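**Student:** So the protein lines, in turn, are chains S and Z.
Numbering of the first sequence is given in my numbering, commencing with residue 1 and proceeding in unit increments.
Numbering of the second sequence is given in my numbering, commencing with residue 118 and proceeding in unit increments.
Just so you know, the hints here were simulated from the structure itself, not pulled from any lab data.
All of these numbers come straight from a predicted model, not from anything done at the bench.
Incorrect hints may appear among the rest.
DSSO-like mimics (lysine-lysine), calculated; alpha carbons at most 30 Å apart, straight line [unchecked claim]:
#: 1; chain 1: Z; residue 1: K175; chain 2: Z; residue 2: K186
#: 2; chain 1: S; residue 1: K20; chain 2: S; residue 2: K66
#: 3; chain 1: S; residue 1: K20; chain 2: S; residue 2: K55
#: 4; chain 1: S; residue 1: K41; chain 2: Z; residue 2: K219
#: 5; chain 1: Z; residue 1: K231; chain 2: Z; residue 2: K175
#: 6; chain 1: S; residue 1: K20; chain 2: S; residue 2: K64
#: 7; chain 1: S; residue 1: K41; chain 2: Z; residue 2: K231
#: 8; chain 1: S; residue 1: K20; chain 2: S; residue 2: K41
#: 9; chain 1: Z; residue 1: K186; chain 2: Z; residue 2: K219
#: 10; chain 1: Z; residue 1: K219; chain 2: S; residue 2: K66
#: 11; chain 1: S; residue 1: K64; chain 2: S; residue 2: K14
#: 12; chain 1: Z; residue 1: K185; chain 2: Z; residue 2: K175
#: 13; chain 1: S; residue 1: K66; chain 2: S; residue 2: K14
#: 14; chain 1: Z; residue 1: K185; chain 2: S; residue 2: K64
#: 15; chain 1: Z; residue 1: K175; chain 2: S; residue 2: K41
#: 16; chain 1: Z; residue 1: K185; chain 2: S; residue 2: K41
#: 17; chain 1: Z; residue 1: K219; chain 2: Z; residue 2: K175
#: 18; chain 1: Z; residue 1: K219; chain 2: S; residue 2: K20
#: 19; chain 1: Z; residue 1: K231; chain 2: Z; residue 2: K166
#: 20; chain 1: Z; residue 1: K219; chain 2: S; residue 2: K55
#: 21; chain 1: S; residue 1: K41; chain 2: Z; residue 2: K166
#: 22; chain 1: S; residue 1: K55; chain 2: S; residue 2: K14
#: 23; chain 1: S; residue 1: K64; chain 2: S; residue 2: K41
Rough simulated footprint, nothing fancy, chain Z against chain S, three-plus residues with beta-carbon under 8 Å [as the list claims (entries may be wrong)]:
#: 24; segment: 13-26
#: 25; segment: 92-104
#: 26; segment: 110-116
C-beta: ideal position from N, C-alpha, C; glycine also.
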Amino acid sequence: GAVVSQHPSWVICKSGTSVKIECRSLDFQATTMFWYRQFPKQSLMLMATSNEGSKATYEQGVEKDKFLINHASLTLSTLTVTSAHPEDSSFYICSAPITGTSVDTQYFGPGTRLTVL
Amino acid sequence: AQSVTQLGSHVSVSEGALVLLRCNYSSSVPPYLFWYVQYPNQGLQLLLKYTSAATLVKGINGFEAEFKKSETSFHLTKPSAHMSDAAEYFCAVLHGSGNTGKLIFGQGTTLQVKP
Numbered sequence: 001g002a003v004v005s006q007h008p009s010w011v012i013c014k015s016g017t018s019v020k021i022e023c024r025s026l027d028f029q030a031t032t033m034f035w036y037r038q039f040p041k042q043s044l045m046l047m048a049t050s051n052e053g054s055k056a057t058y059e060q061g062v063e064k065d066k067f068l069i070n071h072a073s074l075t076l077s078t079l080t081v082t083s084a085h086p087e088d089s090s091f092y093i094c095s096a097p098i099t100g101t102s103v104d105t106q107y108f109g110p111g112t113r114l115t116v117l
Numbered sequence: 118a119q120s121v122t123q124l125g126s127h128v129s130v131s132e133g134a135l136v137l138l139r140c141n142y143s144s145s146v147p148p149y150l151f152w153y154v155q156y157p158n159q160g161l162q163l164l165l166k167y168t169s170a171a172t173l174v175k176g177i178n179g180f181e182a183e184f185k186k187s188e189t190s191f192h193l194t195k196p197s198a199h200m201s202d203a204a205e206y207f208c209a210v211l212h213g214s215g216n217t218g219k220l221i222f223g224q225g226t227t228l229q230v231k232p
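Bound-form chain Z, shown alone:
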């Protein structure tokens, strides 16, 4: 069964600094991987997804993630943090495929951005 593990439940960076949120996956088949962002008391917004095409995936709001099979990782990065990036971030893997799959979420990482 597929799963994801997010390393670090809380990450704090200064405004303008690099953001790095870590996610490792476990999957017996080529995975579909996702990063979502959740602002307080809101649903989830898709930042980006990897579906076995290019290993470097660019998403919205300046975020990107690189799929590294050798490291079973899919870390999320942003070169320069903005105050508005403060939120909860979830890595997810698609369990199953097509119309019968379901998303399995990691534990989440809270990103704090200090002025």
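Extracted from the complex, chain S is given alone in its bound form:
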């Protein structure tokens, strides 16, 4: 089956630094990838839709200058949390449908736990 990986699986950083999280589709091409954040004991909230070769589409209330998304290839999307603060600590999950198929079949990455000190 289709596999999505994320790197790193967990990261601890100091307040004010930037952190990059990678999302890769290992055995399929993904023109579109989705980025979610999940606070403890809460649901997944869609942050943005990453589109290969074009700008990401951000959900209302998500700061695009703080959460930079780059989708430079058909298998890689990156999320950079800039000037991270403790309130950015969360579980970040990406997902992707196979290019050419409907988004009703998405494959989820294992998530990245970000802790900002």
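Place chain Z on chain S using the hints.
**Tutor:** Chain Z alone, transformed into the frame defined by chain S:
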């Protein structure tokens, strides 16, 4: 806009008992509905999905869900709980369609299975 509501943030059952996790949806168009499972510190795994075909959908690990339009429900069931079923379960609805849709998740239900 489509949305889903999961009734009960925490459900506890004994091993071997029936599992029932509730989900109600709101949608102005025929919905696509999903159930996902999440184990601690992991991503989501699709259990099953309803895409306007058969109303009774069978998924992995013995789970199934029935789409009931009259009740706007899509409850998840399993006849006999296993310890390994303990996890977080999310109901979701697809907002939009085709290549431009996005998943909207419910609040999640934690399933505890007691020995």
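**Student:** Compare the structure with each hint and give your call.
**Tutor:** Hints and how they fare:
no.	hint	in the structure
1	Z:K175 / Z:K186	holds (17 Å)
2	S:K20 / S:K66	holds (12 Å)
3	S:K20 / S:K55	holds (17 Å)
4	S:K41 / Z:K219	holds (22 Å)
5	Z:K231 / Z:K175	holds (24 Å)
6	S:K20 / S:K64	holds (14 Å)
7	S:K41 / Z:K231	holds (20 Å)
8	S:K20 / S:K41	holds (24 Å)
9	Z:K186 / Z:K219	holds (21 Å)
10	Z:K219 / S:K66	holds (22 Å)
11	S:K64 / S:K14	holds (21 Å)
12	Z:K185 / Z:K175	holds (15 Å)
13	S:K66 / S:K14	holds (16 Å)
14	Z:K185 / S:K64	violated (39 Å)
15	Z:K175 / S:K41	holds (27 Å)
16	Z:K185 / S:K41	holds (28 Å)
17	Z:K219 / Z:K175	holds (23 Å)
18	Z:K219 / S:K20	holds (23 Å)
19	Z:K231 / Z:K166	holds (27 Å)
20	Z:K219 / S:K55	holds (17 Å)
21	S:K41 / Z:K166	holds (23 Å)
22	S:K55 / S:K14	holds (28 Å)
23	S:K64 / S:K41	holds (25 Å)
24	13-26	violated (count 0)
25	92-104	holds (count 6)
26	110-116	holds (count 3)
In terms of the numbered hints stated before, the structure departs from hints 14 and 24, listed from lowest to highest.
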